[in-house]
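Visitor: Chain A is already provided as a structure; the job is to place chain B on it using the hints.
Taken in order, these protein sequences are the chains called A and B. Heads up: take any position in the first sequence, counting from 1, add 641, and you land on the working numbering. Heads up: take any position in the second sequence, counting from 1, add 641, and you land on the working numbering.
Hints listed in this document are in silico derivations from the structure and should not be mistaken for laboratory results. Be a bit skeptical, because a hint or two may be false.
For chains that are exact copies, the list does not tell them apart, and a pair is met inside one copy or across any two.
Said to hold, decoys possible - Computed cross-link-like contacts, BS3-like style, restricted to lysine-lysine with a CA-CA straight-line distance of at most 25 Å:
| no. | residue 1 | residue 2 |
| --- | --- | --- |
| 1 | Lys663 | Lys799 |
| 2 | Lys746 | Lys799 |
| 3 | Lys882 | Lys746 |
| 4 | Lys909 | Lys799 |
| 5 | Lys909 | Lys663 |
| 6 | Lys882 | Lys799 |
| 7 | Lys746 | Lys909 |
| 8 | Lys663 | Lys746 |
There are 2 protein chains.
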Amino acid sequence: MFSKVAIVGLGLIGSSIARGLKARGLSATVTGYDGSADVRTRARDLGFCDAIAETPQQAVEDAELVLVAVPVGAMADAVTSLASHLADGAVVTDVGGVKTAVIEKILAELPGHVAFVPGHPIAGTEHSGPEAGFAELFEGRWCILTPCERTTETSLAKVTAMWSGLGSHVETMTPEHHDIVLAITSHVPHLIAYNIVGTAADLEEVTQSEVIKFSAGGFRDFTRIAASDPVMWRDVFLNNKEAVLEMLGRFTEDLAALQRMIRWDDGKALEDLFTRTRTIRRGIIDAGQDTADADFGRPHGHED
Amino acid sequence: MFSKVAIVGLGLIGSSIARGLKARGLSATVTGYDGSADVRTRARDLGFCDAIAETPQQAVEDAELVLVAVPVGAMADAVTSLASHLADGAVVTDVGGVKTAVIEKILAELPGHVAFVPGHPIAGTEHSGPEAGFAELFEGRWCILTPCERTTETSLAKVTAMWSGLGSHVETMTPEHHDIVLAITSHVPHLIAYNIVGTAADLEEVTQSEVIKFSAGGFRDFTRIAASDPVMWRDVFLNNKEAVLEMLGRFTEDLAALQRMIRWDDGKALEDLFTRTRTIRRGIIDAGQDTADADFGRPHGHED
Chain A
642 MFSKVAIVGL
652 GLIGSSIARG
662 LKARGLSATV
672 TGYDGSADVR
682 TRARDLGFCD
692 AIAETPQQAV
702 EDAELVLVAV
712 PVGAMADAVT
722 SLASHLADGA
732 VVTDVGGVKT
742 AVIEKILAEL
752 PGHVAFVPGH
762 PIAGTEHSGP
772 EAGFAELFEG
782 RWCILTPCER
792 TTETSLAKVT
802 AMWSGLGSHV
812 ETMTPEHHDI
822 VLAITSHVPH
832 LIAYNIVGTA
842 ADLEEVTQSE
852 VIKFSAGGFR
862 DFTRIAASDP
872 VMWRDVFLNN
882 KEAVLEMLGR
892 FTEDLAALQR
902 MIRWDDGKAL
912 EDLFTRTRTI
922 RRGIIDAGQD
932 TADADFGRPH
942 GHED
Chain B
642 MFSKVAIVGL
652 GLIGSSIARG
662 LKARGLSATV
672 TGYDGSADVR
682 TRARDLGFCD
692 AIAETPQQAV
702 EDAELVLVAV
712 PVGAMADAVT
722 SLASHLADGA
732 VVTDVGGVKT
742 AVIEKILAEL
752 PGHVAFVPGH
762 PIAGTEHSGP
772 EAGFAELFEG
782 RWCILTPCER
792 TTETSLAKVT
802 AMWSGLGSHV
812 ETMTPEHHDI
822 VLAITSHVPH
832 LIAYNIVGTA
842 ADLEEVTQSE
852 VIKFSAGGFR
862 DFTRIAASDP
872 VMWRDVFLNN
882 KEAVLEMLGR
892 FTEDLAALQR
902 MIRWDDGKAL
912 EDLFTRTRTI
922 RRGIIDAGQD
932 TADADFGRPH
942 GHED
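So here's chain A without its partners, still in its complex pose:
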């Protein structure tokens, strides 16, 4: 499919793409680069790229497709560092969890002879770094592309083909709509998970050891999400401020209503809400976006 793909940023997402491209034979050469010398060494040892470049310029030379997989806040610098070495006709794409702000930053840095296809794979785990990646991460998941003024028909087709090749379903929408959809399906859920874990950590009446021991009551699910990469998530919130604050406002409003139902013993309203939320779970399972197994299929029973 491609002669050379360059991947800048070799964390969970970048390294999973590299592994997927090689596993499925989608690119003759995959060259990687990461801003951290330590990550470059580890990536070299792991061997999921054909070559690890020592500079971003070297990585993108002659690449047909350049994939920038760094935290949203580092995107502009990453693009600046490689812009002057991009081949004629190269296509640049990214995987940032926020689109409007990122597009603005990248367009300001990008030379005129390259196309840009903003993208965002809706996949990931709570683990970070090049060791955490795996080739199947994107299989059966959705990837959203949000074409902008620098997206050509050919470049959109190439990036679509890459994601389909990795096993993803591809959908296009405007950057603005992406940012609202993700605010409710991803950003606010992360925010409230980080928040409840913080609240629990600060309690004086309940010890940390109690929180840990009795977490199987529900809390432990939130700790998984609240173990996601801190820098990546800091950047998402700062760059999707408007949509996150809007969705958070709705969440808080609804929570106040729920709090009132409890205070005034409105059992019927509680039961109605709790019954309604069950059907959304069913939709997610039917769409193949989660397992129907109890507890996500977590192991039960003694490990010892």
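Guide: Showing chain B alone in chain A's frame:
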């Protein structure tokens, strides 16, 4: 260990206890009863009890240990219905997720010749009903016992032995402390999961289909918790009102602070919080209360 255990309420928890007692040979006879005729029929077909009684009175006859596993709001009626048929020296225990309110209700109904050991296994899944139970549910999990004025040394030892026999770690504490600990480790997490799923369902800018397709960004974890038994959870919130409202107040306060960090671009404070919450996850994994596998060990890759 026991000659006869009676289990009243054959949902996820009651049926798992029955299966565990039989699998580990902890009771010569296990007799079950459920208020729903349909559940009694299904339980008979599933065969996890030695006998399914047609009345609660019949179920508890000659039972050494009587386990009441019904939603918190149905506890008083369940105990009233069987109280007059309890054997001399029988021990009654429960599995309710709230302790202070439940103890008060049960003590009002209980005859003088039986002991009562309030209990709460910190285990469960989002699935409900007798088909959802399994013998290993309590292995490696904690069970909290909250002795009250009707708990004798012998009865406490018997109930402790039963839970240890099922593979659980047992801890005792006051009912009041239990209700605070569970408010933060279980009740408020469920409340905010129900709430965010409700918020997402009500949006007009984002369709239900988009919420479902892009749920892998984090939202789908919340839908699992928000698919838990509606009646059980309604009763928990109404019966642990004070502790839930207190913990919810702290959560909301902290969320307002987090919202302010985003509005004022306080990247350092965000990153600090997100880094701090990672360590709690580590503690839960080290304590054997969750898997270290990415995404809870969920299957990745194509199902087709």
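Visitor: With reference to the structure, classify each hint as holding or not holding.
Guide: Status of each hint after checking the structure:
1. Proximity of Lys663 and Lys799 under a CA criterion of 25 Å is satisfied intra-copy only: 17 Å inside one chain copy versus 59 Å between copies.
2. Proximity of Lys746 and Lys799 under a CA criterion of 25 Å is satisfied intra-copy only: 22 Å inside one chain copy versus 67 Å between copies.
3. Taking identical chains as interchangeable, the C-alpha atoms of Lys882 and Lys746 lie at most 25 Å apart only when both belong to the same chain, with a minimum of 15 Å there against 48 Å between chains.
4. Taking the shortest Cα distances, Lys909 and Lys799 never come within 25 Å of each other, neither inside one copy (53 Å) nor across copies (38 Å).
5. In the homo-oligomer, the alpha carbons of Lys909 and Lys663 never lie at most 25 Å apart, since the shortest distance is 55 Å inside one protomer and 37 Å across protomers.
6. In this homomeric assembly, Lys882 and Lys799 never come within 25 Å of each other (Cα to Cα): the closest approach is 31 Å inside a single copy and 56 Å across copies.
7. In this homomeric assembly, Lys746 and Lys909 come within 25 Å of each other (Cα to Cα) only across copies, at 21 Å, whereas the closest approach inside a single copy is 49 Å.
8. Proximity of Lys663 and Lys746 under a CA criterion of 25 Å is satisfied in neither setting, with 30 Å inside one chain copy and 64 Å between copies.
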